[in-house]
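K.L.:
Each chain, letter by letter, is given below.
Number of protein chains: 4
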Amino acid sequence: MTEAAENFRQCRVDRVSMAHPGDVTAIARLFDEENLDPASVAAVLGKTEGNGCVNDFSRPYAVTALQTMFAERLGCPPAEVGKRIAFIMSGGTEGGISPHFIVFSVSKSAKPADGSPSLAIGTAFTADFVPEEIGGLAQAEATAVAVKVAMKSASIARPEDVHLVQIKCPLLTSARIADAKARGHRVATEDTYASMGLSRGASALGVALALDEIGAKSLSDSAICQNFSLWSGRASTSAGIELMRNEVVVMGNSSAWTGGALIAHAVMQDGIDFGAVQNALRSAGVHTEGQLSADEAKRIRAVFAKAEPPRNGAIRGNRHIMWDDSDINATRHARALVGGVIAAAIGRTDLFISGGAEHQGPDGGGPIAIIATKKSTKTGGPELPRGTIAVVNGIQP
Amino acid sequence: MTEAAENFRQCRVDRVSMAHPGDVTAIARLFDEENLDPASVAAVLGKTEGNGCVNDFSRPYAVTALQTMFAERLGCPPAEVGKRIAFIMSGGTEGGISPHFIVFSVSKSAKPADGSPSLAIGTAFTADFVPEEIGGLAQAEATAVAVKVAMKSASIARPEDVHLVQIKCPLLTSARIADAKARGHRVATEDTYASMGLSRGASALGVALALDEIGAKSLSDSAICQNFSLWSGRASTSAGIELMRNEVVVMGNSSAWTGGALIAHAVMQDGIDFGAVQNALRSAGVHTEGQLSADEAKRIRAVFAKAEPPRNGAIRGNRHIMWDDSDINATRHARALVGGVIAAAIGRTDLFISGGAEHQGPDGGGPIAIIATKKSTKTGGPELPRGTIAVVNGIQP
Amino acid sequence: MTEAAENFRQCRVDRVSMAHPGDVTAIARLFDEENLDPASVAAVLGKTEGNGCVNDFSRPYAVTALQTMFAERLGCPPAEVGKRIAFIMSGGTEGGISPHFIVFSVSKSAKPADGSPSLAIGTAFTADFVPEEIGGLAQAEATAVAVKVAMKSASIARPEDVHLVQIKCPLLTSARIADAKARGHRVATEDTYASMGLSRGASALGVALALDEIGAKSLSDSAICQNFSLWSGRASTSAGIELMRNEVVVMGNSSAWTGGALIAHAVMQDGIDFGAVQNALRSAGVHTEGQLSADEAKRIRAVFAKAEPPRNGAIRGNRHIMWDDSDINATRHARALVGGVIAAAIGRTDLFISGGAEHQGPDGGGPIAIIATKKSTKTGGPELPRGTIAVVNGIQP
Amino acid sequence: MTEAAENFRQCRVDRVSMAHPGDVTAIARLFDEENLDPASVAAVLGKTEGNGCVNDFSRPYAVTALQTMFAERLGCPPAEVGKRIAFIMSGGTEGGISPHFIVFSVSKSAKPADGSPSLAIGTAFTADFVPEEIGGLAQAEATAVAVKVAMKSASIARPEDVHLVQIKCPLLTSARIADAKARGHRVATEDTYASMGLSRGASALGVALALDEIGAKSLSDSAICQNFSLWSGRASTSAGIELMRNEVVVMGNSSAWTGGALIAHAVMQDGIDFGAVQNALRSAGVHTEGQLSADEAKRIRAVFAKAEPPRNGAIRGNRHIMWDDSDINATRHARALVGGVIAAAIGRTDLFISGGAEHQGPDGGGPIAIIATKKSTKTGGPELPRGTIAVVNGIQP
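Chains R, E, H and D supply the protein sequences, listed in that same order. Counting in this note's numbering, the first sequence runs from 1 upward without gaps. Counting in this note's numbering, the second sequence runs from 1001 upward without gaps. Counting in this note's numbering, the third sequence runs from 2001 upward without gaps. Counting in this note's numbering, the fourth sequence runs from 3001 upward without gaps.
By construction, these hints were calculated from the structure, which means they are not laboratory data. Not one of these hints is a red herring.
Short, incomplete list of chain E residues facing chain H, as computed with Cβ under 10 Å:
1. Asn1055
2. Phe1057
3. Tyr1061
On the chain R side, residues computed to face chain E include the following (Cβ under 10 Å):
4. Gln291
5. Asn318
6. Ile321
7. Val341
8. Ala345
Note that beta-carbon positions come from the ideal geometry of N, C-alpha and C, so glycine has one too.
With the hints as constraints, model all of the structure from the sequences given.
P.N.:
Rendered as structure tokens:
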């Protein structure tokens, strides 16, 4: 292997709280007190306390606050920040879920790896889509290419070493639909809310394709949000109005990375699949019987899961009311439930649980991915190794 | 002991689903197909799908449907039914909680007990309160007496053999407040919503008093909903507008009862106290590591828990948003969370989780009680022994 | 004209409040204190305080309470009551709308009419539909026939004398869809929520057909909920799970009826069309400039209106947020708005405003119908003439 | 009078829409296309589409977007903007209310006034309060002083020429309460939510004091939010977490101002007081019978009103459900209702209706203030005179 020592990288993961969606003071403290270099930040994920639905302004409010703060720190205009750092906000902290940010930063490492693979992260963006591509095969295929690029950028060679692909994808608006029509094209749906599901679904199937979870032949326009037997156990996708491309963050383990953390995943078969949560923990090297002890819980650096109401209206044969509740959106119920189930296992509530799980795990279930510090490593955040910076960007060679 | 064989009793527990709050067809099927005698029914608890708050009409709708059905079956006027059967409805099936009824029926048993204590149930009612007593010491003390009467009626001698005291208690309305004032008395609060919490709290402290969880000296008007270091680990109380007395259902284990079920409890220290759920299961004789297997889950006949948002705004140091959410009531978040945590342990979602846990367990936590069939007994409902009927009523000697 | 004196009828309208959806005591008081004969009641409309959406249990709760009360009064089983009296409940009292019942009762009148037409009411039911007919042309056409039958029963010869057709119509459930499919038929939609809109829309178009508002040629399966240029200015339809037929209540004015009230209508072009409300008042013989005086307001016996969010997201060019609000259903916003606009004109809040206005008036608008006592008549309820009873049922000859 | 020609001022009022709370593009267009000078802006009021309650992030999101935009335009840091321009956001656009910004800008005018008084605006700030002052007499008295200063700054000599006093006031947080206690002081309430009402109420009573609506003797700590017979018919106050002082914007008419607009007000006695809306219109010189014509509606430049559920649970004797609805906050119902009533009169939905009307008008009612262009002036926005700038700040001499 010709990889030189200076090519080793390490990924630091900081999880911090927020007092409200515009509160980025805990991230600022990382810079001021915890030795984090703002320029090393590759991605910020945020679990914000809106409704996670159409009028959830907690997401753009958080992004605005992040842009303002990073613009100051990086000395660039706010509009530039988004080109350097991927901001992925997910609304909805129902039940006991605690609002929080997860900050991923990447730096070069002179230390050779200890041999065991470590958490690796890579990002890639597709080109902007035209409206008629959103929610269709073209979006899925472009996503698959971006996943491959991000894997390469993260020095992850094998699909099985990828454990989470977090994607932010576009949606259709009335104006975008009109634009496609004016050019003589059909769109996947004229229902703008439905376009969110189709975009998430197409993106998830792109991940499944890239990770060999499904074959290319099974994929077609008509399969998207129709044939739910096709799914990825590692995709987590969310749609937003503010972009026209897919932004892809791949997380996995790689020997080209050092650092004290690794990532693992499992697939919850339904919303109360506690066994899957335990399996993910075990795969991440965390011993579990019952709930983690407070010490073990500290080793858990981040938890990602998708939540979704089962379509048949029941969980293991018992009726749920998520679809029938006109006061609380079904996805809000689902997040609350899955938040409780995962908190039961982990003993923490700062969990990144998001809704809208089309083609992301089986009906009513979804992927769960866990980043944990390795056992030999001391627990806690600041102990993760740090160094000089090499921002990951999958598009550049 | 002079207790004759015919004095042995057995308590049957049936848990059935409902398609909507007015759907009592599954109970009717118990009568028609499962050999249950309507006259043996002592209590029906219902977890209905309303918001569990002020305008939750799923509760009275269910009661109306139950009254109509039982009136037909028992050949008495609907208004008479409530004197024979305790109906306790709890609204709120957030997250994955499944709406269901739990039917308790009691019959004489000729078989001697096998020696091991079995599930025992007793009911008692206080006299009607005057408005000025609600939420105060008088209500607590009368409740304590009623608990003692219900224990005696259930042949449970020792407080430690009581594992759940379910209480329905009154609240203040504008008219009731005016009535008290007209007679020159002060009420505990002039805020009708607040009166629900005071009534629940006074009732819970009455249970604590009866079960020796607190001393009589610590109890005063001013302690109610103020000194939250006082609490019962076995009380579950809910307030309703339709009554002026406390209706008390005591559940425990007694050697005077036969039958295949027993009850156990534990106290959750916070909403994600998975260990407490496992402790309650173990106390009920159910082996648990991780989630119960499907077979073991069938042994669980009913689960009761209280849910409450922690007052300090955090769960183990991480902020929750329950108190700040003006779209979804805090108790709704709390039920969803605790429902997820218990479902993680049990593998079922038909859980009787209710909110409003004043003086019922520590701040942010609450009691959890589990009724399980004994290990030697075959699993499932119909196998529970049945026989002729002796309705329990603690007030009559 | 050969109509004999004893064939004259009169319709009494009582509007009473409810303290909650199960509170029918004010209707009982009409029987006990206001000389109303329970057997004369032809229809009860109720505006109940649920969310008016899927999980609105205030509607069936009210119906259950009405059935129980009328069964006692009429000496028949509760299940029989629905065959004699049409119960039409509409959920949703947003903004300032006041929950209330409107009781229509009909009696024979020996007095000859004073020549001026009076409020007339007729009911008719279609045969039960098979699931594949719901939401389609068959439902519309059968509804048109039923409207004609109800008109005849009400002795209203001319379509222009009809001012309101209130219809309760069925919806599709999963079971009903499966049934149609098992018999080899297609249903209008497999989305049960969407089926409510299609059923309301087909029923409204049936009214439009019967009242010559549209031509038979313009009507087809594909027009329903697609071609919104077709609509009735007098239809008000709502879907319920509890029936498989359309229940039609026609209200108009007829010289065959006596009594002190008449009905008029207008069509609101949008949700703030105050002028239309004033036009309806003027047509009903009520003088209006600004808000009615308290005395004039007493002459208003009932107000019916449909509310609907404009599809284009704006009211007279200004953006509304009804469609974007994931916390409050769009129809709830619409009812609140229209309730305010009509209360501005009438000076009362006990208004029967219902949502779901497919093909009932133009996009964003809807019919408004007003029943008022005639000017020469003294104001108030009890003054309306009463007599012996002849329940209207359009199906019987 | 010694006032020199160059001391004449004019107030321009622009009302613009927003696509979402962070959308300030319509204000930017005023600068780029409508000849508005950013430096002339004295205040921006925003009606944003959040829930208007605790977790309404649409308000700070809008403020953040405004700060960023104005910082660029004014060439100052975002944090400085708030010292130059008063931003007052009010959440809640229930029913048909349209989200919008109202931009007040002030410039010098060389033209002598035509003699008739014109719209005048003045701002003033109190000093920061200590927590123990919030919600008490001290806050009320300081507010009264600030109102007087703002009147002077606006050259409004007589209280009767003031028609609206818009105030942003602070609230108590847990930290602020702890601070007061640590210094040995008591706070008005330890319930942070209740502190919002007390602060609004104290501020409103300060206005009432300044405008001679109440006497100083009637005011005491204990009157605040207790003696609701005391109120101002011209105060509109809202509480926010982001400040510790009261920010006061006074609007009235003054001969020292030129320009084509004037302001008038009336007091709605309840939520459906259509007559009061018409009275305010007439006072503003707008002819009204029924709804304004489209042309007349264009003369209405801004409408301000407070909405509040009547405490007794009824509107003119008919029950409302605002207090009993645990799904939708009472203030949201109230805004929706009042929005409908005012839209009925005006024919527009871009109305600044805010909740929380303690001591602002009688129980269940509230002030309504209307800014209209004078009749002789051509309708529409850009026609208002513009010129060089003199930002109003009442604190500086």
